[in-house]
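J.: Kindly generate the complete structure, drawing on both the sequences and the hints.
Residues per chain are reported as follows:
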Amino acid sequence: MRLTVKQLAKAYGYLWALRHFDLTLSPGEFVALLGPNGAGKTTLLKLLAGLTPPTAGVIELDGRPLTGTAIAERGQIGLLAPAEHLYDQLTAVENLRFFTALYDKDSSASALDSALLQVGLSTRARDYVGNLSAGMKCRLSIAKWQLLDPGLLLLDEPYGVLDGSGIDLLENFLKAHCARGHIVIMASHHVARALKLCDRALILHQGRLQFDQRKQTPWPAFEHAFGDFLPRSGP
Amino acid sequence: MRLTVKQLAKAYGYLWALRHFDLTLSPGEFVALLGPNGAGKTTLLKLLAGLTPPTAGVIELDGRPLTGTAIAERGQIGLLAPAEHLYDQLTAVENLRFFTALYDKDSSASALDSALLQVGLSTRARDYVGNLSAGMKCRLSIAKWQLLDPGLLLLDEPYGVLDGSGIDLLENFLKAHCARGHIVIMASHHVARALKLCDRALILHQGRLQFDQRKQTPWPAFEHAFGDFLPRSGP
Amino acid sequence: MERSTKTVKRRKGMLGVLALVAVVAGLCWSLLVAPPDAYQGEVQRIMYLHLPSILTAYLSYFLVFIGSGMYLWKRDNKDDLLAHAAAELGVLFTALTIIEGSIWGKPTWGVWWTWDARLTLTAILLLIYAGYLMLRSSIEDEQRAASAAAILGILGFLDIPLIHMSVYWWRTLHQPPSILRPDKAPWENVHPAMLTALTISFVGFLLLYFYLLSLRYRVGEMRQEIKALRLERGV
Amino acid sequence: MTLLRQAYLLLRKDLLLEWRRRDSLLTMFFFGTLLLFVFHFAFDMPPDKVVELAPALLWLAFLFTGTLGLAQLFQAERDNHCLDALLLSPLDRGALFLAKSAFNLILMLLVESVVIPLFWILFNLGSWNLLPQLFLVTLLGTLGFCVLGTITAAITLRARARELLLPLVLFPLMIPVILATIRCMEMVLRTGSFGDAIAWLRLLIGFDVIFLTIGVLIFDWVIES
Amino acid sequence: MTLLRQAYLLLRKDLLLEWRRRDSLLTMFFFGTLLLFVFHFAFDMPPDKVVELAPALLWLAFLFTGTLGLAQLFQAERDNHCLDALLLSPLDRGALFLAKSAFNLILMLLVESVVIPLFWILFNLGSWNLLPQLFLVTLLGTLGFCVLGTITAAITLRARARELLLPLVLFPLMIPVILATIRCMEMVLRTGSFGDAIAWLRLLIGFDVIFLTIGVLIFDWVIES
Ligand code: HEM
Ligand SMILES: Nc1ncnc2c1ncn2[C@@H]1O[C@H](COP(=O)(O)OP(=O)(O)OP(=O)(O)O)[C@@H](O)[C@H]1O
Ligand SMILES: Nc1ncnc2c1ncn2[C@@H]1O[C@H](COP(=O)(O)OP(=O)(O)OP(=O)(O)O)[C@@H](O)[C@H]1O
Ligand SMILES: [Mg+2]
Ligand SMILES: [Mg+2]
Numbered sequence: 001m002r003l004t005v006k007q008l009a010k011a012y013g014y015l016w017a018l019r020h021f022d023l024t025l026s027p028g029e030f031v032a033l034l035g036p037n038g039a040g041k042t043t044l045l046k047l048l049a050g051l052t053p054p055t056a057g058v059i060e061l062d063g064r065p066l067t068g069t070a071i072a073e074r075g076q077i078g079l080l081a082p083a084e085h086l087y088d089q090l091t092a093v094e095n096l097r098f099f100t101a102l103y104d105k106d107s108s109a110s111a112l113d114s115a116l117l118q119v120g121l122s123t124r125a126r127d128y129v130g131n132l133s134a135g136m137k138c139r140l141s142i143a144k145w146q147l148l149d150p151g152l153l154l155l156d157e158p159y160g161v162l163d164g165s166g167i168d169l170l171e172n173f174l175k176a177h178c179a180r181g182h183i184v185i186m187a188s189h190h191v192a193r194a195l196k197l198c199d200r201a202l203i204l205h206q207g208r209l210q211f212d213q214r215k216q217t218p219w220p221a222f223e224h225a226f227g228d229f230l231p232r233s234g235p
Numbered sequence: 001m002r003l004t005v006k007q008l009a010k011a012y013g014y015l016w017a018l019r020h021f022d023l024t025l026s027p028g029e030f031v032a033l034l035g036p037n038g039a040g041k042t043t044l045l046k047l048l049a050g051l052t053p054p055t056a057g058v059i060e061l062d063g064r065p066l067t068g069t070a071i072a073e074r075g076q077i078g079l080l081a082p083a084e085h086l087y088d089q090l091t092a093v094e095n096l097r098f099f100t101a102l103y104d105k106d107s108s109a110s111a112l113d114s115a116l117l118q119v120g121l122s123t124r125a126r127d128y129v130g131n132l133s134a135g136m137k138c139r140l141s142i143a144k145w146q147l148l149d150p151g152l153l154l155l156d157e158p159y160g161v162l163d164g165s166g167i168d169l170l171e172n173f174l175k176a177h178c179a180r181g182h183i184v185i186m187a188s189h190h191v192a193r194a195l196k197l198c199d200r201a202l203i204l205h206q207g208r209l210q211f212d213q214r215k216q217t218p219w220p221a222f223e224h225a226f227g228d229f230l231p232r233s234g235p
Numbered sequence: 001m002e003r004s005t006k007t008v009k010r011r012k013g014m015l016g017v018l019a020l021v022a023v024v025a026g027l028c029w030s031l032l033v034a035p036p037d038a039y040q041g042e043v044q045r046i047m048y049l050h051l052p053s054i055l056t057a058y059l060s061y062f063l064v065f066i067g068s069g070m071y072l073w074k075r076d077n078k079d080d081l082l083a084h085a086a087a088e089l090g091v092l093f094t095a096l097t098i099i100e101g102s103i104w105g106k107p108t109w110g111v112w113w114t115w116d117a118r119l120t121l122t123a124i125l126l127l128i129y130a131g132y133l134m135l136r137s138s139i140e141d142e143q144r145a146a147s148a149a150a151i152l153g154i155l156g157f158l159d160i161p162l163i164h165m166s167v168y169w170w171r172t173l174h175q176p177p178s179i180l181r182p183d184k185a186p187w188e189n190v191h192p193a194m195l196t197a198l199t200i201s202f203v204g205f206l207l208l209y210f211y212l213l214s215l216r217y218r219v220g221e222m223r224q225e226i227k228a229l230r231l232e233r234g235v
Numbered sequence: 001m002t003l004l005r006q007a008y009l010l011l012r013k014d015l016l017l018e019w020r021r022r023d024s025l026l027t028m029f030f031f032g033t034l035l036l037f038v039f040h041f042a043f044d045m046p047p048d049k050v051v052e053l054a055p056a057l058l059w060l061a062f063l064f065t066g067t068l069g070l071a072q073l074f075q076a077e078r079d080n081h082c083l084d085a086l087l088l089s090p091l092d093r094g095a096l097f098l099a100k101s102a103f104n105l106i107l108m109l110l111v112e113s114v115v116i117p118l119f120w121i122l123f124n125l126g127s128w129n130l131l132p133q134l135f136l137v138t139l140l141g142t143l144g145f146c147v148l149g150t151i152t153a154a155i156t157l158r159a160r161a162r163e164l165l166l167p168l169v170l171f172p173l174m175i176p177v178i179l180a181t182i183r184c185m186e187m188v189l190r191t192g193s194f195g196d197a198i199a200w201l202r203l204l205i206g207f208d209v210i211f212l213t214i215g216v217l218i219f220d221w222v223i224e225s
Numbered sequence: 001m002t003l004l005r006q007a008y009l010l011l012r013k014d015l016l017l018e019w020r021r022r023d024s025l026l027t028m029f030f031f032g033t034l035l036l037f038v039f040h041f042a043f044d045m046p047p048d049k050v051v052e053l054a055p056a057l058l059w060l061a062f063l064f065t066g067t068l069g070l071a072q073l074f075q076a077e078r079d080n081h082c083l084d085a086l087l088l089s090p091l092d093r094g095a096l097f098l099a100k101s102a103f104n105l106i107l108m109l110l111v112e113s114v115v116i117p118l119f120w121i122l123f124n125l126g127s128w129n130l131l132p133q134l135f136l137v138t139l140l141g142t143l144g145f146c147v148l149g150t151i152t153a154a155i156t157l158r159a160r161a162r163e164l165l166l167p168l169v170l171f172p173l174m175i176p177v178i179l180a181t182i183r184c185m186e187m188v189l190r191t192g193s194f195g196d197a198i199a200w201l202r203l204l205i206g207f208d209v210i211f212l213t214i215g216v217l218i219f220d221w222v223i224e225s
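Chains as they are written, first to last, in this note's numbering: chain S, 1 to 235; chain D, 1 to 235; chain X, 1 to 235; chain B, 1 to 225; chain F, 1 to 225.
Just so you know, not all the hints are guaranteed correct.
Not everything, but these chain F residues come out facing chain X in the computed CB check (under 7 angstroms) [said to hold, decoys possible]: (1) D23; (2) T27; (3) F30; (4) L34; (5) I121; (6) L122; (7) N124.
No lab work stands behind these hints, which were simulated from the structure alone. For glycine and all other residues, C-beta sits at the position ideal for the given N, C-alpha and C.
T.: This is the structure we're talking about:
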């Protein structure tokens with residue numbers, strides 16, 4: 001799976017949420033997408049997921065342009081937005097069954113149960129998703145994408161509602177996902193964790209790509225580029 | 001402002017989301033509300049805010065019980081849920097004006113503008129809230145509660161979508177708020193930050209209050225009580 | 001405790017037996033003792049069910065009103081249970097009246113239904129309280145459902161006189177009263193045996209009604225007890 | 001006093017939202033007109049019969065338009081849990097009731113003040129001189145509709161099949177208003193004056209008064225629910 | 001092939017949701033019945049006239065009930081941005097269209113199969129033997145309604161005053177169907193058989209076919225927008 005983005009741009013009204021954005025990702029890369037509030041992270045992820053049409057530019061998966069009608073390609077793209085994209089009125093397991101079937105993946109009871117067990121929701125398998133807590137929904141989304149196994153996984157601020165063990169879960173999942181040659185792009189304000197996981201960091205600011213480097217330790221260039229956005233009050 | 005909670009309990013269907021919860025807070029206390037996913041934090045905050053009726057127990061503000069019809073008391077309670085409780089179709093400044101007027105607080109243009117300036121939204125004052133980014137909405141909520149200045153401020157996972165400078169903003173606001181003798185209860189999974197701010201920590205687990213102590217450093221008791229919930233992968 | 005529940009059970013049993021006896025007696029009387037109607041012949045015997053059933057329905061709706069009011073005032077679930085049970089029975093008996101009436105109407109009027117004021121009114125009552133039950137069933141949170149339904153229970157009952165008035169005027173003030181008006185029934189020369197039959201079956205219906213009410217109410221209570229028990233055991 | 005102040009605030013907010021993007025108003029207006037046509041097609045009426053059916057058609061059009069309007073009434077409060085924001089605030093529930101009913105009333109009256117004359121033209125009914133009386137009847141009917149409608153909209157607020165449940169609960173309760181307004185209009189149109197229509201008018205007024213008072217009294221519970 | 005498989009998946013999901021809590025079905029049924037009463041109050045008809053108006057009344061009832069049903073059609077997709085989840089998935093848009101239309105059709109038919117006989121009883125129309133023909137006409141009309149309705153529901157999915165906009169867009173497009181079905185029924189009721197009603201029937205069938213094909217073809221764009 002190889003992702004190529006050329007001159008991507010998105011304007012909302014009079015405002016460029018994203019502009020002149022180029023990017024090429026090769027299999028197995030883990031990209032941390034950083035930037036202050038309003039930088040354009042969510043916009044970028046939505047564009048890559050094909051949920052909003054770009055104002056300009058092209059997105060290519062393995063050389064094939066990603067258009068509204070490219071059904072097959074879509075199966076390759078996943079967007080993990082915590083506590084969204086789940087049916088409140090279906091139980092946890094029913095949600096997983098529906099989506100796995102929709103993606104034509106293994107939707108056997110055993111597969112679903114083990115996925116739920118992994119994210120620690122096996123006792124809640126038969127509860128309506130609408131009745132789960134914020135973090136539980138996020139865990140369920142993790143299980144969902146674990147089963148759907150997309151070639152390109154996009155995450156928008158996944159840390160927000162997860163507790164400690166949840167974070168472990170997520171990070172192990174993401175590491176394993178990259179290890180299988182899939183691409184992961186994670187937008188987050190949790191810089192320390194993002195840097196620890198990623199092997200490449202992007203910094204967006206006011207819709208422009210300010211910084212794009214593979215990870216190295218120590219990383220003065222990053223410190224310099226990002227410094228302004230770090231909280232004074234320390235980590 | 002003094003908060004007293006006696007034997008508070010909330011059942012959802014066949015499940016106790018919160019039970020046997022007692023708490024007494026005196027003016028100026030900053031309480032960190034911790035616990036794993038599904039522990040009952042959000043439920044507790046909703047109960048304190050009077051947004052869901054308790055199954056049992058009483059909540060008293062300065063000795064007056066908080067019932068559905070206690071209008072005056074309500075003005076004293078604030079709930080900061082990031083990116084909620086704002087009218088999408090009103091601009092940032094209109095939202096602030098509406099709520100300040102509703103709470104009978106100073107809704108002069110100058111006051112609103114300075115509040116927006118503080119949270120770095122003065123350039124977006126005339127944009128619809130629906131068009132703001134997640135973090136910007138959170139910043140706007142901060143401005144809102146800064147203006148409404150409630151005696152008891154409840155926060156549910158405020159760190160999720162804030163960037164570095166946003167976090168500074170929030171924490172300075174909270175410190176100042178407590179300093180003025182108001183009570184703050186913050187539910188968060190961002191343990192490190194929560195501990196740094198709080199002067200008292202509660203740990204909920206499966207709806208029960210597991211731990212309740214004033215802060216001390218070092219704090220072995222806390223380490224011990226909380227250890228299980230901390231991520232293996234370190235801070 | 002044990003004994004009291006036992007005695008309650010026994011009382012209920014006796015009530016049931018009484019109801020059975022009275023209904024049977026009423027049937028015998030109305031079918032065997034009472035003379036056939038001068039004009040309508042045997043069909044008219046339906047009246048011995050017809051009138052009692054609608055009057056019990058009226059009683060039922062009054063109980064809904066009382067229960068709703070009490071619930072809003074005292075917030076005691078028992079009142080809500082009463083209102084709910086009464087509403088269901090009211091719908092049941094109203095439906096019965098309509099069915100009996102139609103069965104009666106076919107031979108006497110030659111039609112199953114006519115837009116006579118009283119018939120229409122009955123149908124509207126049915127619709128109002130069917131709406132009441134729908135409203136209950138389609139609100140998730142029990143307490144919310146209860147109070148919403150209570151409001152409707154009050155509004156509906158207060159509205160009945162207005163509806164009654166308007167529907168009757170509609171028929172009288174407007175077009176000449178049709179010959180099909182039920183109250184054109186030969187009320188004057190009522191045979192005493194008819195009256196006794198009517199009274200007996202009316203008593204029977206009352207007893208039956210209260211028996212069913214107590215059962216339905218008990219069902220509601222049991223639901224709550226089950227929930228309480230499962231909550232205690234903590235599923 | 002605070003009651004009125006708060007009601008004013010809420011009403012101003014709703015009017016502002018409505019003014020921004022005149023969705024509801026315009027769509028309600030067009031929809032009302034559209035319904036006239038739909039009815040016209042449905043039972044194709046000879047011109048002479050129209051006069052008899054006129055009140056029914058008009059009022060049905062208002063009823064359905066209004067109901068769809070009611071489905072919108074609490075929309076702004078529903079997104080982002082803004083209703084919670086209001087419940088959290090020191091807001092007198094009665095104020096919310098007054099504001100919403102008033103807002104709904106304003107919308108409906110605006111729509112009606114356009115649709116009625118239009119109707120007169122479309123189905124070229126002569127008697128223009130009767131319009132004032134008819135407007136009065138409509139006003140009373142609409143008031144009753146808005147008051148009762150606001151209450152029902154509030155109790156069905158958190159129900160699942162809301163759009164369906166709202167009219168299901170509302171219409172049976174509305175029957176006195178429906179009958180009264182339509183019959184009243186008919187008589188006025190036929191006789192050219194309130195005569196025995198007075199009885200219906202009284203019923204209407206009684207209805208309005210009763211439910212307005214009930215509304216203010218019980219809205220606390222209504223909205224808590 | 002995948003098209004049908006996916007459509008089946010979606011349909012099963014919707015049916016499951018509906019089965020869980022029979023909201024829509026029951027409410028639509030009661031509402032349909034209620035409308036018959038409301039209409040009767042509005043233009044209170046002397047028994048003899050009813051036969052003429054019957055088709056119109058029936059169809060108006062179905063039209064409004066169905067429209068409110070449509071407002072619910074995409075509800076589950078609207079919460080939690082589940083529609084985005086579907087658009088994100090390798091789902092053929094056509095499948096979504098088929099599934100939703102089918103679901104809507106099933107609901108409507110269930111409701112109608114109860115309301116029509118009820119209507120016959122309420123307005124004691126004699127001709128029971130004609131019911132089969134009338135059911136056929138209703139079926140065709142309903143099909144057209146569901147297909148067109150699903151498209152409009154999808155178009156107005158993200159609109160603000162949705163509940164209002166949906167019928168505003170739908171009804172004008174529906175007018176041919178409404179006319180055809182009503183006139184067709186009237187003739188069948190009068191003459192006791194399709195005769196010259198055939199012409200209308202053809203129109204109906206043609207209409208259904210056209211919109212079904214168009215729907216499958218353009219739904220991609222409709223839903224993307
Ligand atoms: C669907 C059909 C019918 C319905 C819904 C219906 C409904 C009612 C109701 C609500 C009452 C109680 C009225 C009151 O006291 O306020 C009543 C009473 C009565 N009905 Fe019917 N009815 C129906 C058919 C008939 C028929 C076919 C007959 C006989 C020809 C009939 C004869 C009576 C009589 C004799 C009374 C009691 C006397 C009176 O209160 O005036 N009803 N019915
Ligand atoms: N509306 C509801 N209906 C039924 N159960 C609920 C509801 N809301 C919460 N619960 C249950 O109550 C428990 C506590 O939920 P709550 O949201 O308070 O947890 P939390 O501490 O906020 O978790 P998180 O850290 O994930 O936000 C959970 O088990 C949840 O499933
Ligand atoms: N639907 C929209 N309409 C108009 N403007 C929008 C819309 N969504 C986002 N924007 C604007 O685009 C810019 C980027 O928003 P975006 O949500 O991508 O930022 P972000 O990087 O996700 O910020 P955050 O870290 O707060 O989530 C912001 O200025 C925002 O105001
Ligand atoms: Mg974002
Ligand atoms: Mg929570």
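J.: Now look at each hint and say whether the structure bears it out.
T.: Results of checking the hints against the structure:
1. D23: Where the cut-off is 7 angstroms and the nearest Cβ of chain X is about 5 angstroms from D23 of chain F, the hint holds.
2. T27: For T27 of chain F, the interface hint holds, since the closest Cβ of chain X sits about 6 angstroms away, which is under 7 angstroms.
3. F30: Check passed: Cβ of F30 of chain F comes within 5 angstroms of chain X, closer than 7 angstroms.
4. L34: L34 of chain F check passes; min Cβ-Cβ to chain X is 5 angstroms, inside 7 angstroms.
5. I121: With a minimum Cβ separation of about 5 angstroms from chain X (threshold 7 angstroms), the hint on I121 of chain F holds.
6. L122: 5 angstroms, holds
7. N124: 4 angstroms, holds
Hint check: no violations occur; every hint is consistent with the structure.
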